[in-house]
Amino acid sequence: MTIGEEFGNELLVNLSRRAESLQQSLDEISADTPYPSEARTALLRILRDLTIAVIRRLEELRIGPPPPEFATIEAPAKRLGVVLNVLFRLMESLVHSDVQRIPSALVPAFEAIARQFVPDALVLVQYLWHYNFGYENLSKVFRDWQTSGLPLAQPLPASLIVLGFPMSEKDNVLLQCAFAHELGHFITQSEALENTVRVTINPGLHQAIPGETRPQLFDVILRWYREMFSDAFGLHLLGPAYFLALAEIGLQGLATPGAKHPPPYFRLTWMLELMRRLRYLDMRGNSGELTSTGRLDPVMKEHFEAWGRFLATSPAPRLSAFYHCAIEAVKEALSNIRAEVDGIVQDKGYTAERFAVEVGPLVKRILQLVPPVDGDGVPNPSFVSILNAGWVVKSTRLNDLEATVTAVDLEEKREVLRILNGLVYKAIEYRLVRQVWARAGEAMS
Amino acid sequence: MSVISSAVLKRRLFETPDERQRLYVVPILDLEGQIRVGQGAIDVRLGTEFIFTRRVQLSHIDPYSGAPEERAQHLKQYQEKIVIGLGSRMILHPQQFAIGGTLEYFRLPLDLAGMVVGRSSWGRLGLVIAMATMVHPGYTGVITLELQNLGDAPIALYPGARIGQIVFYEATGNEGIEFKDLHRGAKYVGAISAGFSRISEDAERERILRFSQHYREASRFLR
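Residue numbers (my numbering), protein chains in the order written: chain A, 1 to 445; chain B, 1001 to 1223.
Some hints here could point you the wrong way.
[Stated by the list, open to error] Quick list of in silico lysine to aspartate or glutamate cross-link-like pairs, EDC-like style, CA-CA up to 20 Å:
id, chain 1, residue 1, chain 2, residue 2
1, A, 413, B, 1201
2, A, 170, B, 1049
3, B, 1180, A, 376
4, B, 1180, A, 402
5, B, 1180, A, 412
6, A, 364, B, 1018
7, B, 1010, A, 376
8, A, 364, B, 1015
9, A, 170, B, 1080
10, B, 1180, A, 409
11, B, 1010, B, 1111
12, B, 1076, A, 376
13, B, 1180, A, 415
14, A, 364, B, 1178
15, A, 364, B, 1019
[As the list claims (entries may be wrong)] FRET-style restraints, in silico, Cβ to Cβ:
id, chain 1, residue 1, chain 2, residue 2, range
16, A, 82, B, 1073, 37 to 47 Å
17, B, 1221, A, 129, 56 to 66 Å
18, A, 360, B, 1015, 18 to 28 Å
19, B, 1053, A, 92, 28 to 38 Å
Simulated from the structure, these hints should not be mistaken for lab results. Even for Gly, the Cβ is constructed at its ideal location relative to N, Cα and C.
Next comes chain A alone, as it looks inside the complex (with noise of 0.2 Å):
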């Protein structure tokens, strides 16, 4: 008796349809590509294998007596499943994947900074129907993969990194400023730096809060310990496009305080806080007040001091007294926060002199709706100074950019933010375009 009839051949049918069907959506994927991150590249290559194989074993189980290894009905059956789970699990990270209109020329962007900490890092940027940003790590389905028993033709990629993005967003290029957070928590896991974490906070929690014997207080300020982490880690390597990014998300009542991110009100005063140890902002005296360092330009100044206002001012106290407490406590550990980032980010992160430098010849072109890229003989701009020149735009240069194009309405005032979006997007892309160009010239020679 094979399998098939064991099972009924209606069963292997369906499990045959559904692969074959895998493998046609394979195809349509890898035909729209514009610029083919290695991790799809990869993850598409062990899936078409994979896929053969699930195809072919259907087949034999189909018309022919079962192969020895299947002793039992449930092991094949159970096999099978877990690999056509596997199979449809990466399809899903595929299909939403970077694909057709989407930004995609940011992902081998994004891989770059990535495999400043992780030399292997493969990106995938993955957009979800819900309005969130994500961070998965696939390891757990490889690891599904190899328990299958399958055979490979094709190595399991070491680190390869899921990044979610809202779909809604898809066109709003600096809002992925986010995906910077997102690598932070892969950094924090492939670090284990958690355990330190809690070596270090805890101490200095209970000299902050004396008598303050809830454990829950110090369970919420570890789960934030590793959104903070994220939030600094980001700011270093992205500089105040970060901070008016997460400002952004933030402001859309994204986070909530209780669940795992501590409130936005806290993170952007951290952030501030943080800026002003990193040099974009200095501290008047001993009011509390921000100002600029003259790395960043009087709009700009002007911009930030109104944050620094704002934050001093406005909603703590309408926060519950627990997170009170806890933020206080948690400033205490600032410093050992700041540490741990500074000794990871060793020299790779983006600094207020380069800021200062690049970013206010990029701001004056983009005003001149042209994207901030030259070509021949000119040196690419870097890409975080690209999404900086677009954060200024947006955050203290619109006016001048409606001018430019004489918006009035509303209609014509959301035209000039897709117009300054289309911007930023297309030197990113062309940053790249002369990179391939130049690698493919490198090639000949």
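Knowing the structure of chain A, use the given hints to seat chain B on it.
Only chain B this time, still in chain A's reference frame:
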């Protein structure tokens, strides 16, 4: 009307401090290859985004009929945008039409106009790259190319290939006009890729549609 020489074009690209006077073309991947000495043009490369018509679902295109949103939707329904990355190619079959774009992004000063012209090397294979060839003073964005294969054999097109050239002319009489005067209400400002047609937004549509009614009335009166 005289063609602007390569030497002047280079000056307008790189040595013009006045932003109003400056010609922007980014990125020029190979300066000497794209602006050759003695020629009066800048070679442009094929971009990565294309729009194809889904002919099997299309009875005809009537850009003036229906409500405004319907008209735009109608056009998009029959057109499909695809991306072909650098290092890949697309095949344009005989008589097939596709909308593409230049890889380069342009901003023309107010005293220059451009004309999109095909390269004879491609023309000899049967490829036409532009039907609406005029690039107006002050134009800002990627230049749309209307690609058609008039030959008998399919042609492989590679993004990044030098597909055509822009010849520049002096435009006079625009003194006193600002960029913003040109951009207000302009349909394709800041276009970063080949775009769907927005002909359904034409201001004259309403008047054209009323022609038949008024023509009948006028005819009755004349009788």
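Hint by hint, here is what the structure shows:
1. A/413 with B/1201: holds (18 Å)
2. A/170 with B/1049: At roughly 17 Å apart (the allowed maximum being 20 Å), residue 1049 of chain B and residue 170 of chain A satisfy the hint.
3. B/1180 with A/376: Roughly 30 Å separates the two Cα atoms, so the pair is violated.
4. B/1180 with A/402: Given pair residue 1180 of chain B, residue 402 of chain A holds - Cα atoms ~9 Å apart, limit 20 Å.
5. B/1180 with A/412: Distance of about 13 Å is within 20 Å: holds.
6. A/364 with B/1018: holds (13 Å)
7. B/1010 with A/376: Holds, because 12 Å separates the two Cα atoms, which is no more than 20 Å.
8. A/364 with B/1015: holds (17 Å)
9. A/170 with B/1080: Judged against 20 Å, a Cα distance of about 19 Å means the pair holds.
10. B/1180 with A/409: Holds, at about 15 Å.
11. B/1010 with B/1111: holds (15 Å)
12. B/1076 with A/376: violated (36 Å)
13. B/1180 with A/415: holds (14 Å)
14. A/364 with B/1178: holds (18 Å)
15. A/364 with B/1019: Satisfied, since the Cα-Cα distance of roughly 10 Å is no more than 20 Å.
16. A/82 with B/1073: 37 to 47 Å: holds (44 Å)
17. B/1221 with A/129: 56 to 66 Å: holds (60 Å)
18. A/360 with B/1015: 18 to 28 Å: Given about 21 Å between the Cβ atoms, the range holds.
19. B/1053 with A/92: 28 to 38 Å: Check passed, 32 Å falls within 28 to 38 Å.
Of the numbered hints listed earlier, those contradicted by the structure are 3 and 12.
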